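Need the complex rebuilt from these two chains, each delivered in its own frame; the hints are there to steer you.
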Amino acid sequence: KQEVTQIPAALSVPEGENLVLNCSFTDSAIYNLQWFRQDPGKGLTSLLLIQSSQREQTSGRLNASLDKSSGRSTLYIAASQPGDSATYLCAVMTTDSWGKFQFGAGTQVVVTP
Amino acid sequence: NAGVTQTPKFRVLKTGQSMTLLCAQDMNHEYMYWYRQDPGMGLRLIHYSVGEGTTAKGEVPDGYNVSRLKKQNFLLGLESAAPSQTSVYFCASMAQVGNEQFFGPGTRLTVL
Numbered sequence: 001k002q003e004v005t006q007i008p009a010a011l012s013v014p015e016g017e018n019l020v021l022n023c024s025f026t027d028s029a030i031y032n033l034q035w036f037r038q039d040p041g042k043g044l045t046s047l048l049l050i051q052s053s054q055r056e057q058t059s060g061r062l063n064a065s066l067d068k069s070s071g072r073s074t075l076y077i078a079a080s081q082p083g084d085s086a087t088y089l090c091a092v093m094t095t096d097s098w099g100k101f102q103f104g105a106g107t108q109v110v111v112t113p
Numbered sequence: 001n002a003g004v005t006q007t008p009k010f011r012v013l014k015t016g017q018s019m020t021l022l023c024a025q026d027m028n029h030e031y032m033y034w035y036r037q038d039p040g041m042g043l044r045l046i047h048y049s050v051g052e053g054t055t056a057k058g059e060v061p062d063g064y065n066v067s068r069l070k071k072q073n074f075l076l077g078l079e080s081a082a083p084s085q086t087s088v089y090f091c092a093s094m095a096q097v098g099n100e101q102f103f104g105p106g107t108r109l110t111v112l
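Protein chains in written order, with my numbering: chain A, 1 to 113; chain B, 1 to 112.
Bound conformation, chain B alone (with noise of 0.2 Å):
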């Protein structure tokens, strides 16, 4: 029971590249996270999705995109990068409201 996953764990962008982060989990867990962590302002949602097909527009959704295609995995992508989203990206997931959340280890992003 791996919990929840995410990849990659670093990478470095320079402005204007795409990527995709990826976000697992084994739990069966119907909601999904996407959050950037940023020195003194906590953790700002970014994305969520409330089960299988479903995607949603957190605090901070500006410059992201997400899928949610299969039940375990939620990934969040980067169109065009630009340094304002240097900063580390937690996934997280939670079986029901009521539940915990649980946390993956964060991917911790550059774009130069």
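Just chain A, same shape as in the assembly (with noise of 0.2 Å):
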């Protein structure tokens, strides 16, 4: 069984650091990953989509990496800022669970001004 781990629970970076958030897997057979970004009390919001066949994907200040041999993807936010401030989750869809996603339990973030 597919288990997804993110390390840390939470952290805090002060505003204007670049933030490293990492989403471990166990099985490397995935099909797709997924990152998300959670808001108190909110829906979850898609930020990237990663195929299995991709090193990484970029959008705005966001660049996530994926390395399936070592069974990880790492989000990075460049130059945080306090609207960054989050729970940020990432889900794996592997290829033998077709069509079904398993989450991370998530990383809180805090980014002070």
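Hints listed in this document are in silico derivations from the structure and should not be mistaken for laboratory results.
Any given hint might turn out to be false.
As the list claims (entries may be wrong) - For the chain B half of the interface with chain A, some residues (derived, Cβ under 8 Å), not all of them:
#, residue
1, M41
2, P61
3, G63
4, P105
5, G106
Unchecked claim - So the derived list for chain B, only partly shown, Cβ under 10 Å to chain A, looks like this:
#, residue
6, E30
7, Y35
8, Q37
9, L45
10, V50
11, G53
12, Y64
13, R68
14, P83
15, V88
16, F90
17, Q96
18, F102
Here the structure is a predicted model, which means the values were calculated and not measured.
For each residue, glycine too, the CB sits at the ideal point set by N, CA and C.
Put into structure tokens, the structure is as follows:
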């Protein structure tokens, strides 16, 4: 069974610093991986979707990398802003769980002014 | 284009009562999902559907039933609510495998 881990559970950084968020998975036979942002009391907002054939995906200040062999994805957020404060979750679809995602518990980020 | 909507937003039930949560999407997506989110446990899949008229069990299906009679709607039913079902429930949809999931705003359910 795929296990998805996000460490640390929480972190705090000063404004302007780059954010590095980690997502580890145990089964490297993945189909794709999706990063989400969740604000308190809200639903999940899709940030990036990275397919198994891709090494990275970029959108504005966000960059997600994927290393299947090591079972890891990293989300980089450049020049963090207070508005980036949220919980970030990753979700993995493995090739034998067609259509189903396994979620990590998330990393809660606080960006201080 | 409303995306994924959920009804109701909040609900308080007494133990043993029943209710239905409605999820609707206007994106013509094939896949729909019901998750629950509990503190420290991430999102867990309750049931999902790969197309109109289909349903399948997820990771935590006990105590819940679902139906997908129309492509745009996915209903989650609680036949006899229990305090352990106190949670935030999210619906999501996806066009096809390989595409993004889109989430609704959630329903906060409390069972007393």
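Enumerated hints in conflict with the structure, sorted upward | Result: hints 2, 3, 11, 12, 13 and 14 break, sorted rising.
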